[in-house]
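Q: This is what each chain is made of:
Number of protein chains: 2
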Amino acid sequence: MDLATDTAKPHDRLSEALSDDMRAVNAMIRERMASEHAPRIPEVTAHLVEAGGKRLRPMLTLAAARLCGYDGPHHVHLAATVEFIHTATLLHDDVVDDSKQRRGRPTANLLWDNTSSVLVGDYLFARSFQLMVETGSLRVLDILANASATIAEGEVLQLTASRNLDTTEDTYLRVVRGKTAALFSAATEVGGIIAGASESRVAALRAYGDALGIAFQIVDDLLDYGGTAAIGKSVGDDFREGKLTLPVIRAVAQADETERAFWTRCIGRGRIDEGDLAQAQALLTKHGTLESTRQTALDWAGRARRSLRDLPDHELREMLEDLADYVVERIS
Amino acid sequence: MDLATDTAKPHDRLSEALSDDMRAVNAMIRERMASEHAPRIPEVTAHLVEAGGKRLRPMLTLAAARLCGYDGPHHVHLAATVEFIHTATLLHDDVVDDSKQRRGRPTANLLWDNTSSVLVGDYLFARSFQLMVETGSLRVLDILANASATIAEGEVLQLTASRNLDTTEDTYLRVVRGKTAALFSAATEVGGIIAGASESRVAALRAYGDALGIAFQIVDDLLDYGGTAAIGKSVGDDFREGKLTLPVIRAVAQADETERAFWTRCIGRGRIDEGDLAQAQALLTKHGTLESTRQTALDWAGRARRSLRDLPDHELREMLEDLADYVVERIS
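Residue numbers (UniProt numbering), protein chains in the order written: chain C, 1 to 332; chain V, 1 to 332.
Pulled a few chain C residues facing chain V out of the computed Cβ check, cut under 10 Å:
id: 1; residue: Ala-38
id: 2; residue: Arg-40
id: 3; residue: Val-96
id: 4; residue: Asp-97
id: 5; residue: Val-118
id: 6; residue: Leu-119
id: 7; residue: Ala-126
id: 8; residue: Glu-134
id: 9; residue: Leu-138
id: 10; residue: Ala-147
id: 11; residue: Ile-151
id: 12; residue: Gly-154
id: 13; residue: Val-156
id: 14; residue: Thr-160
Simulated coverage check for chain V against chain C, where a stretch passes if three residues somewhere in it have a Cβ under 8 Å from a Cβ of chain C:
id: 15; stretch: 25 to 39
id: 16; stretch: 127 to 133
Since the hints were made in silico from the structure, they are not lab data.
The C-beta atom is built at its ideal place from N, Cα and C for all residues, glycine as well.
Please build the complete structure, drawing on both the sequences and the hints.
A: Now the structure itself:
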């Protein structure tokens, strides 16, 4: 390993270490998103899949399997599976949120229509399901079926919790698991299972993915109140959409009467005037909830790192550990 | 069996013969559509599931399994699975078609919103997937995964074929298999497989479901040009939506220049004036395509009936055979 690699970001080091596997995953994704009869399907999918996503989830699966000594070939199927599930949820999310931009490009629902996004998402779910059946592991199927249910349930929960000031931290955590951590933890867990790893290692990989996903999502939510446009998400989106994220939940819990009226008007009723985002940011700062949320994200990242301590000493283990720090680097 | 039962519709006779199993299926559906954390999910699902659908698909699975001597319990899981897949596709279809009515009641997308329909549909897909994993049969999983992909592909194909006058009968058949026959044939096939039936019987059950589904859908499409409102679908919906169904495809193939201009304006461009539906009906009658389509539906129903001839002599087999005649009764 040369010096340049040593100082590269953990994500890029993973990508480099897994490059042969990732080539196989990308080939499988291209092959399986094809549809002989409905060319709209690969058009829509390619728009999203080839938009330069980080392929973080498939890399988690590949790394987990390799770290546990697996030599193939089914980790490739599972990596493609999790990327398809992820892509399908993005297509449906963009319809649900009426989004216009994703990964710096216009969304599929904007370029084609909501209809195409819904149906192509369904197609990718079905394709992901076919891919995992090919592994022949009922346990893997069980885990991914449960993850799919948690994802959908989390999305519905987020929808019904939106604009509800009584949303608790428990509910927030459930939404975060649905949005992000359920697929992260399934991705690492199935990597271990396909490799035939011991139960304790499988549990460690699952815990790693869960904690990593939670840290990742909390950071994302935090940046909505103070990040930069570089992440492809505009500051204030969650505020305008009335999403109850951790900094807000904590600030609402400490709000006096006037502040509560402010949150009720903006988040509860969606009546937002100029200057309200700045006022929200000021309240989060006043109550220290940006800072406490930052600390919560760092705690989860630390938990992710520690989860792996009993796994084999391996360069991939180091990269996964470093990845835990990396996902919180933007707020460190 | 009393006289009243003998003269009842095959659908009702099946319902009667399978009443214990259907009770178990309904209980499982209610149990599995629950979500502790997101009450919106059972609200939306119950609206659709309890709207008095005919439960035809789960009955097909139960009948196929029983006919092959199965004594349970996994036919119940599979019957609930196919009903969940069906319900999920209805939720997404109503979003895609912007429908206002389903089974004589306002659609979920009208009562709640498109967002709820998309996400609850996703949840039901995931739930159906969990249910089938519980059967522990990889072959069943493979069949249902393939059916799910065919369904989604058929929907996308229908979307892209809409308003396209060059649509062929082959494409139409593919759309029909996606919309209806893929789930019918998977429903009967997995019933045979869970019962451990011989390959030839499994093939016969699959062929039965396929032909029954095709007959069913052709009848539905035919009634769009001359049925009654009793089926909960308004005459002319397909015409207004620019769907290329069999009577139209055949009439377009025989159209002279003036007629082709008419179809191009109405179906191709969606510019429909008063009297155009009547004119379309007149052209279909002139070219005999309502009659030839009717004959095609009857042919498929006959094929469905004949598929079962090598299956055990059993009252359920008779009911399934009669069901094939019943689905085309509305046009006989």
